[in-house]
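S.K.: First residue of the sequence shown? That's 1 in full-length UniProt numbering, and the numbers climb one at a time after it.
If you are wondering where the hints come from, they were derived from the structure by calculation, not from laboratory data. Among the hints, a few may not be true.
Using C-beta positions, here's what the derived DEER-type ranges look like [what the hints assert, rightly or not]: (1) E13 / E34: 24 to 34 Å; (2) Q38 / L8: 36 to 46 Å; (3) K39 / I19: 39 to 49 Å; (4) L8 / K39: 42 to 52 Å; (5) P10 / E31: 24 to 34 Å; (6) Q38 / R17: 41 to 51 Å; (7) K39 / L9: 25 to 35 Å.
Using N, Cα and C, we set each Cβ at its ideal position, and we do this for glycine too.
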Amino acid sequence: MKLANSHLLPEFEDMLRAIMKEVNGARVEYENMERMIQK
1 MKLANSHLLP EFEDMLRAIM KEVNGARVEY ENMERMIQK
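Model the full assembly from the supplied sequences, consistent with the hints where possible.
M.R.: Take a look at the structure:
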């Protein structure tokens, strides 16, 4: 699939990568909280 405005792709990929980093960070924090609660 070819996007018409492919010049937006790098910015979009950066945004996606930032979101994934946020999600992974939040997941790690959540897992750490669960571990602390279970002790």
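S.K.: Decide, hint by hint, whether the structure agrees.
M.R.: These are the hints, each one checked on the structure:
Evaluation of the 24 to 34 Å hint for E13 and E34 yields a pass: the beta carbon distance comes to about 31 Å. Separated by about 44 Å at the C-beta atoms, Q38 and L8 satisfy the suggested range of 36 to 46 Å. Look at K39 against I19: about 31 Å separates their beta carbons, and that is not inside 39 to 49 Å. For the pair L8 and K39, the beta carbons lie near 47 Å from each other, so the given range of 42 to 52 Å is met.
The given range of 24 to 34 Å is respected by P10 and E31, whose C-beta atoms sit roughly 32 Å from each other. In this structure, Q38 and R17 break the distance hint of 41 to 51 Å, their C-beta atoms being roughly 32 Å apart. In this structure, K39 and L9 break the distance hint of 25 to 35 Å, their C-beta atoms being roughly 45 Å apart.
Consistency note: the structure conflicts with the earlier hints numbered 3, 6, 7.
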